[in-house]
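*Asks:* Let the sequences and hints guide you as you build the complete structure.
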Amino acid sequence: MSIEFGLFYDFDIQKGATQSETFRRCFSQIEASERMGVDSIWLAEVHFSPFSVLSSPMIVASSVATRTSRVRIGLAVQVLPLANPLRIAEEAATLDQISKGRLEFGVGRSGLTRYYRGYNIDYSESSDRFLEAMDVITKAWGNEPFSHEGKFYAFNDVSVEPKPYQKPHPPIRVATASAETFSMVG
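Per this note's numbering, residue 1 is the first one in the sequence shown, and the count goes up by one each step.
Incorrect hints may have been included.
Now the in silico label distances, taken between C-beta atoms and shown as ranges [to be verified]:
#, residue 1, residue 2, range
1, 158, 12, 31 to 41 Å
2, 159, 119, 24 to 34 Å
3, 113, 31, 29 to 39 Å
4, 124, 5, 30 to 40 Å
5, 183, 21, 42 to 52 Å
6, 1, 156, 25 to 35 Å
7, 176, 84, 28 to 38 Å
8, 162, 117, 33 to 43 Å
9, 63, 172, 15 to 25 Å
10, 171, 12, 22 to 32 Å
25 Å max Cα-Cα, derived DMTMM-like pairs, lysine to aspartate or glutamate [to be verified]:
#, residue 1, residue 2
11, 139, 128
12, 100, 4
13, 100, 149
14, 163, 104
15, 15, 31
16, 163, 91
No lab work stands behind these hints, which were simulated from the structure alone. Even for Gly, the Cβ is constructed at its ideal location relative to N, Cα and C.
*Replies:* Below you can see the structure in the form of structure tokens.
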């Protein structure tokens, strides 16, 4: 039996530190973690907080990918209902290519309603938006052009490039803290 070790980061701003210092400190810790044998790095998605600079985990994960060579890079989590799923599919596939297949695609809908208020999205739509986004993303990672006509998104004859490095796609990890989400994803 083997044990894997991972670290979770929300890129918290320490008292007296600048935002730039926070990025440098966290990236330095991540580089050192890989040298010490840590298996995975997990990045949060935090919006509208004066205590964190991690509002875009996909961009930060790309930087982690270029600074490391072995550690798995996980999103913990990409809040799908807040973004265009076609764009997320493109960015995640690009990240998977840059990292040479080290992406763990962690997704969720978040229970923090202030995120939704900030993006002017009704939280009551979060479940439906999440499910539709997952459908779009998995279709986008397929080999064929696809069309989608849904409640929130519509795409006609599109093909996302690049395709993910991992086949058929990166591992998808769904976060859930509610019975409703658990029953949706099993």
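*Asks:* Would you mind marking each hint as holding or not holding in the structure?
*Replies:* Results for each hint:
1. 158 x 12: 31 to 41 Å: With Cβ atoms ~38 Å apart, the hint holds.
2. 159 x 119: 24 to 34 Å: 27 Å, holds
3. 113 x 31: 29 to 39 Å: At roughly 35 Å between Cβ atoms, residue 31 and residue 113 fall inside 29 to 39 Å, so the hint holds.
4. 124 x 5: 30 to 40 Å: 38 Å, holds
5. 183 x 21: 42 to 52 Å: Given a distance of about 43 Å, which is inside 42 to 52 Å, the answer is holds.
6. 1 x 156: 25 to 35 Å: 49 Å, violated
7. 176 x 84: 28 to 38 Å: 23 Å, violated
8. 162 x 117: 33 to 43 Å: Since residue 162 and residue 117 have Cβ atoms about 34 Å apart, the given range 33 to 43 Å holds.
9. 63 x 172: 15 to 25 Å: 22 Å, holds
10. 171 x 12: 22 to 32 Å: For residue 12 against residue 171, whose Cβ atoms are near 26 Å apart, the range 22 to 32 Å holds.
11. 139 x 128: Given pair residue 139, residue 128 holds - Cα atoms ~17 Å apart, limit 25 Å.
12. 100 x 4: Given pair residue 100, residue 4 holds - Cα atoms ~20 Å apart, limit 25 Å.
13. 100 x 149: 32 Å, violated
14. 163 x 104: 15 Å, holds
15. 15 x 31: Distance of about 22 Å is within 25 Å: holds.
16. 163 x 91: Holds, at about 10 Å.
Violated hints, in rising order: 6, 7 and 13; the structure is consistent with all others.
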